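Trainee: Each chain is listed here by its residues.
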Amino acid sequence: MRHTITVLVENEFGVLSRVAGLFSGRGFNIDSLSVAPTNDESISRMTIVTRGDEQILEQISKQLNKLIDVIKVIDFTGGEAIEREMALIKVTAEDVSRAEVLRIADIFRGKIIDVTPKSYTIEVTGAPAKIEAILELLRPLGLKELVRTGPVAIGRGAKGWKG
Amino acid sequence: MKMTGARILLECLKLEGVDTVFGYPGGTVINIYDELFSFKEIHHILPRHEQAGVHAADGYARATGRVGVAIATSGPGATNTVTGIATAYMDSIPLVVITGQVPTALIGNDAFQEVDIVGITRPCTKHNFLIKDVREIATIIKKAFYIARTGRPGPVLVDLPKDVQIATTEFHYPETIELRSYKPTVEGHPKQVEKAVSLLLTAKKPVIYVGGGVISGDAAGELRALAAKLNIPVTTTLMGLGSFPEDDPLSLGLLGMHGTYYANMAVTNCDLLVAVGARFDDRVTGKIATFAPHAKIIHVDVDPTSIRKNVRVDLPIVGEVKDVLSKMLKATEEQGDRADEFRKGVEPWLAEIAGWKEKHPITYKQTSATIKPQFVIQKLRELSDPDAIVATDVGQHQMWTAQFFTFTKPRTLLSSGGLGTMGFGLPAAMGAQAAFPGRQVIAICGDGGFQMNMQELATLVQNRLPVKICILNNNFLGMVRQWQELFFDKRYSQTCLELPIDFIKLAEAFGAKGFQATKPDEVEETIKKAFDTPGPVIMEFKIAREEKVLPMVPAGASLNEMVLNA
Ligand SMILES: Cc1cc2nc3c(=O)[nH]c(=O)nc-3n(C[C@H](O)[C@H](O)[C@H](O)COP(=O)(O)OP(=O)(O)OC[C@H]3O[C@@H](n4cnc5c(N)ncnc54)[C@H](O)[C@@H]3O)c2cc1C
Ligand SMILES: Cc1ncc(C[n+]2csc(CCOP(=O)(O)OP(=O)(O)O)c2C)c(N)n1
Ligand SMILES: [Mg+2]
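Chains as they are written, first to last, in the numbering used here: chain A, 1 to 163; chain B, 1001 to 1566.
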């Protein structure tokens, strides 16, 4: 099962490699990982998308907690979080397809951020499923380049995790 | 007062109560050694290889319960420590290893003797640090010791660049330290303990399965009291040997691959298993699907990752064994009559176990022509001091020691269990002897593993460390040969050591003494002579070359599928 895990870590040298090393060393999957400092500069926040059965997820979360630099681990599974991802998509746009690309971008509230006679570059954000959906429509028109941030997640409701 | 970083390091060690360090000099630690030259409060021992230095610090830690300290220079010095660090990591032994590093300005430049030791040791340390500023030294050393010894203990490496050792600053050592990201659980949750005791008291066929956590958590007393109070048989892992007296009728000895018939039968047939400071290693469980198939499992461990890692657990308790066992003991005392009823209820179970003990005791066939290794181990027990410390190497001799020595006190067996590091025994004994100059320390080695760190004979002689070294010489890499005999048609590929080594002359070359026994009736005399001779001594026993360690659960088989006889 797919899990989105948020990890608050000390914003210190080497922490990313400790986390990445934990996943590779123990054979856990990482589908995506994004990391940046939080409002509290001493803390970084990672969002990791991973897969595994219940026992593996329990181990992942325990092993993350065991790392000395990890302050908090939150497993956001079960819909209590909002996830957003951004994609930058460079797509072939010539002759007839130019209008089609624009239409699709518009439907997904994408922005055109670069234009050439042969291509459009689209910026789109949304839940991972939305990104998948626009990609599916654009793929037949010719994807030249794709970059995705991987999702970030935040809990629903008034309560906030410090940092 | 302003001090150099090197001096600050030594002051920190002193304030942590470090009296002995094992280290090897080199270019990037020369400033530390220069400070050490006039620093009298710390005794420095110079091993002949950095790996041995770390094993010695590890042996010191296992024997005393304190943090062991080792120092090495950058580059090759640092890489030589890796096996020692990984050994300590797998067995949860508290160490602080300090490595020199090239000056900060050169880091990343492929400088002379530069290696990314923090990167290399990340997966085999509990934590590690690179110090970049002299003002950080005191806090980081404080953190290093705190992390090494608390929670589930483990090795911590501190990498200290040369320019940071030379820089100066005011020295101030923090009295306490708090880490928002590291707060190990000490106390077991009272509700969980209560539930555990209720569950325990419903059992008719209970077994307590004890591991290294009871030794590192200093809870042998609590364990013994609980087992005695409730009449519960106790089996221990290799790492747990000594936590429960093996001469107690409730002791089942070792379990697992080379465990006793009765321990493995008891675990397979029990209806309740209380795992205390043990981690369900595959050498212990055999085939997971058939491990303790009828039992409810209670698991006490300070490290949540140990729980439910390999086996299902019905009742987990996270906390220090000492705290949890004493709470359990208290709760059972409050049960009064129920505890007495329980004691009576387990009588049939104890009788069943006694039957297994009688049917297949731990044994071997004595002969008059060749020395049986098991006989040597029994004689060593008989003739050694009751509080003697035994360090083993890795292989058949290690298992024979585990099966036949009869350990009764915690911290008297020092053995590399998790990593199974050949070459561990001699330097570990050296570290223990440095910690306890007045106690008898015995290193039990195979002829193969002894050769992996035999240069330490020099360190023993130089530092007057009177370790008694027993070499069980089968002229084979015996443990591997045993597998080849049983599972590879006796194709002894590269396990015969062939070249006969004159260990007696070897001892003499280092200025030590050596004695040899080739026949059973020479064993006792040889041991006595070795024990009576001052200083380090090698006693070499030419043993039956193809003796096997039995019982044996073949890898991947169920615990009750033991090979009992050859
Ligand atoms: C050749 C060879 C053969 C072997 N055969 C066997 C065999 O037949 N049987 C056998 O048992 N082993 C055998 N071993 C050893 C085996 O590989 C493991 O090292 C051993 O079984 C692990 O012991 P343990 O479960 O006690 O764990 P340890 O490694 O000692 O771990 C201790 C556990 O206790 C926890 N802990 C630590 N401190 C505390 C505390 N204060 N409070 C609470 N919990 C704490 C830790 O978190 C950890 O989970 C063999 C090794 C070799 C090299
Ligand atoms: C460093 C290292 N290399 C290889 C092994 C694999 N190994 C385990 S036991 C063993 C044989 C040990 O031979 P010896 O020291 O003579 O002891 P014996 O088994 O004969 O008692 C070997 C090679 C190991 N455990 N450690
Ligand atoms: Mg041998």
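Keep in mind that the hints were calculated from the coordinates and are not lab data.
One or more hints might be untrue.
Think about it this way: if two alpha-carbon atoms lie no more than 27 Å apart in a straight line, the pair counts; the simulated DSS-like pairs of lysine-lysine are [said to hold, decoys possible]:
id, chain 1, residue 1, chain 2, residue 2
1, A, K72, B, K1309
2, A, K62, B, K1195
3, A, K62, B, K1519
4, A, K62, B, K1529
5, A, K159, A, K90
6, B, K1519, B, K1529
7, A, K66, B, K1183
8, A, K72, A, K90
Nothing here was measured: the structure is a model prediction, and the numbers come from that model.
Trainee: For each hint, tell me whether it holds in the structure or not.
Mentor: Against the structure, the hints come out as follows:
For a cut-off of 27 Å, the pair hint linking K72 (chain A) to K1309 (chain B) stands: about 21 Å separates their Cα positions. As the CA atoms of K62 (chain A) and K1195 (chain B) are separated by approximately 23 Å, the hinted pair is consistent with the 27 Å bound. This hinted pair does not check out: K62 (chain A) and K1519 (chain B) have alpha carbons roughly 54 Å apart, beyond 27 Å. For the hint pairing K62 (chain A) with K1529 (chain B), the CA-to-CA distance comes to about 53 Å; that exceeds 27 Å, so the pair is violated.
Taking the CA atoms of K159 (chain A) and K90 (chain A), the gap is near 38 Å; set against the 27 Å cutoff, the hint is violated. Taken as a hint, the K1519 (chain B) and K1529 (chain B) pair is honoured in the structure, with Cα atoms around 15 Å apart against an allowance of 27 Å. Annotation: proposed proximity of K66 (chain A) to K1183 (chain B) holds, straight-line Cα distance about 10 Å (limit 27 Å). With a C-alpha separation of about 37 Å, the suggested pairing of K72 (chain A) with K90 (chain A) is violated against the 27 Å cut-off.
When each numbered hint is compared with the structure, violations occur for hints 3, 4, 5 and 8.
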